[in-house]
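Listed below are the residues making up each chain.
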Amino acid sequence: MNKSKHILLSFLFALGIVAVPISGLSQSYITKSGHVEFDSSVPLHSFTGVSDHLVGKITLNDSIIDFYVDVNTLKTGIDKRDNDMLKTLEAQKYPFAEFYGKIVSDFKPIGEQPQKVTVEGKFSVHGVSKQTTITGILKKVQKGILVEASWTLNMTDYNIKPPGILFYRVSEKIDVSISATLTPN
Amino acid sequence: MKDQLKFYLVPVILLLFSMQSVAQMERERVNIVEPVETFWTPTLISQATTEHLSAGNLNVTIMHSFGIATTNPIQNFFGFDNVQNVRLGLDYGITDKWSAGIGRSSLFNVVDFRTKYALLQQNSSGSKPISISLKADLGIVTQQNRQPFKDDLTTLTSAIISKKVNEQIRLQLSPIYGYFSSVSADNQTHLFSIGLGSQVNISDRFAFIAEYYPIIGEKNPNTKNTFSLGLNILTGGHVFQLFFASTRWHLEQYAMAQNREQFWAGDFRFGFNVNRIFGL
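As given, the protein sequences belong to chains S and R, one line each in that order.
When you line the first sequence up against our numbering, it's residues 1 to 185, in that order.
When you line the second sequence up against our numbering, it's residues 1 to 280, in that order.
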């Protein structure tokens, strides 16, 4: 073995040695059945859309938060309204609403007390991504980690035209909330 | 040398795995298998469709038909001056497959109770290629008359078979049996028809609809097969149906028994239905 090869292999070995503890630390939690809902309103009336197909992953060592939902799974309780919503969201073209970001506030991975955390990242829906800051709660539970968060999004920020007929129009602001228990991956 | 390489590569692979764990997840669509929407409304024009209300949904319907549009059209303003029949109806989804409803028609003050059940629902995976529903309706003439209550009754039973052919075309075939507890001379106690219906979508908001009631066997004297042609307008919360029809009835058994107009001879009337679904 010549000297340069030896240096290269030593470097790779050292990298590997460093990687092993990183791998051990990168404990992640995942769910495929989180709950997401939104509240929308039209004059004199409001309705809620829900889905229990929220997919999420939290990686503790680097505080990465990754959530998405197939918007085609959202149900408002009236089929025709669902169809209208999916057409408005162009759900066949843009099937996912997603958030990918990082916990930016102090967070202790261990502890059963609910911890208020702030995450920053990109929220994307309808093919438009916006830098977003969301405040939520993380709590260690028996099965893993409980996540709860809520925020308000403005449809026009995401080029979504609020549907409306004649004299009434759906409010531009939508209150979104998620709740999910993530288990060790 | 090979063994040495393997030795060095193991930790590198571990590193790659650790890096993968923090990468963005691959987005996967949810495979949803659910009933396809065949028609936009539980009633096409007067014929029931295989479309069902979701559990807990209430469909409020207002159905109107006017006078013959071609008889003295200017004096009668194309029939609008002669309101012939108005049916107000409520249908409720007891489950996603079973609904029940009540309605009242202004003609003879007929109050009707009805129920519909989905035996089979065409689904998005294609494993169920057609929809089949059963419908029953009990009509009671509540207008004051000299006949006993038992003679005021009519019933209807039908099997509704439909198929969403593609995004534009829906077809339906309904064997229908109508029973009349009391009939005048020469009229039929039992009436049979193979109801035909279709919907052709021309956009997300508009669709043409048509229905036909060819009577099988004996029909009542001087009656014609009912035909209707209309336009569905979907407005989010409502479905408006504007139509031309030979019959003034909004109930199938009466449409079979009492239509005296021939649509294609120009004897048709204007009518419209309003459907509004509420989630309770």
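Please keep in mind that the hints were generated in silico from the structure rather than gathered at the bench.
From a predicted model like this one, the values you see are computed outputs, not experimental measurements.
The beta-carbon is built from N, C-alpha and C at its ideal position, and this holds for glycine as well.
One or more hints might be untrue.
Unchecked claim - The following residues of chain R were derived to be distant from chain S, with all beta-carbon distances above 10 angstroms:
#, residue
1, S106
2, F108
3, L234
4, G236
5, G279
What the hints assert, rightly or not - Pulled a few chain S residues facing chain R out of the computed Cβ check, cut under 7 angstroms:
#, residue
6, H53
7, K57
8, Y68
9, D70
10, G77
11, I78
12, D82
13, D84
14, E90
15, Q92
16, Y94
17, P95
18, F96
Going down the list of hints, with the structure as the test:
Look at S106 of chain R: its CB is around 28 angstroms from the nearest CB on chain S, clear of 10 angstroms, so calling it non-interface holds up. Listed as a non-interface residue, F108 of chain R keeps its Cβ farther than 10 angstroms from every Cβ of chain S; the least gap is roughly 33 angstroms. Residue-level check failed: L234 of chain R sits 7 angstroms from the nearest beta carbon of chain S, not beyond 10 angstroms. A beta-carbon of chain S comes within 10 angstroms of the beta-carbon of G236 of chain R; the shortest separation is about 5 angstroms.
Under the 10 angstroms C-beta cut-off, the non-interface status given to G279 of chain R relative to chain S is violated; the minimum distance is some 4 angstroms. For the restraint placing H53 of chain S at the interface with chain R, the shortest Cβ-Cβ distance is roughly 5 angstroms, inside the 7 angstroms limit, so the hint holds. Taking 7 angstroms as the C-beta cut-off, the interface hint given for K57 of chain S holds, the closest approach to chain R being about 6 angstroms. Because the beta carbon of Y68 of chain S sits about 6 angstroms from the nearest beta carbon in chain R, less than 7 angstroms, this interface hint is met.
Proximity of D70 of chain S to chain R holds as hinted, the smallest CB-CB distance being about 4 angstroms (cut-off 7 angstroms). At about 4 angstroms, the closest approach between the beta carbon of G77 of chain S and any beta carbon in chain R falls short of 7 angstroms, and the interface hint on this residue holds. Residue-level restraint check for I78 of chain S holds (minimum Cβ-Cβ distance to chain R is 5 angstroms; threshold 7 angstroms). Here the hint on D82 of chain S is broken, as its CB sits about 10 angstroms from the closest CB of chain R, past 7 angstroms.
Among the interface hints, the one on D84 of chain S holds; its C-beta lies about 5 angstroms from the nearest C-beta in chain R, closer than the 7 angstroms criterion. Below 7 angstroms, beta-carbon pairs count as interface contacts, and E90 of chain S has none with chain R, the closest being about 12 angstroms; its hint is therefore violated. Interface hint at Q92 of chain S: violated, since its Cβ lies 10 angstroms from the closest Cβ of chain R, which is beyond the 7 angstroms cut-off. Residue-level restraint check for Y94 of chain S is violated (minimum Cβ-Cβ distance to chain R is 11 angstroms; threshold 7 angstroms).
Hint status for P95 of chain S: holds, given a least beta-carbon distance of 6 angstroms to chain R, under 7 angstroms. The restraint placing F96 of chain S at the interface with chain R holds, with a minimum CB-CB distance near 5 angstroms, inside the 7 angstroms limit.
When each numbered hint is compared with the structure, violations occur for hints 3, 4, 5, 12, 14, 15, 16.
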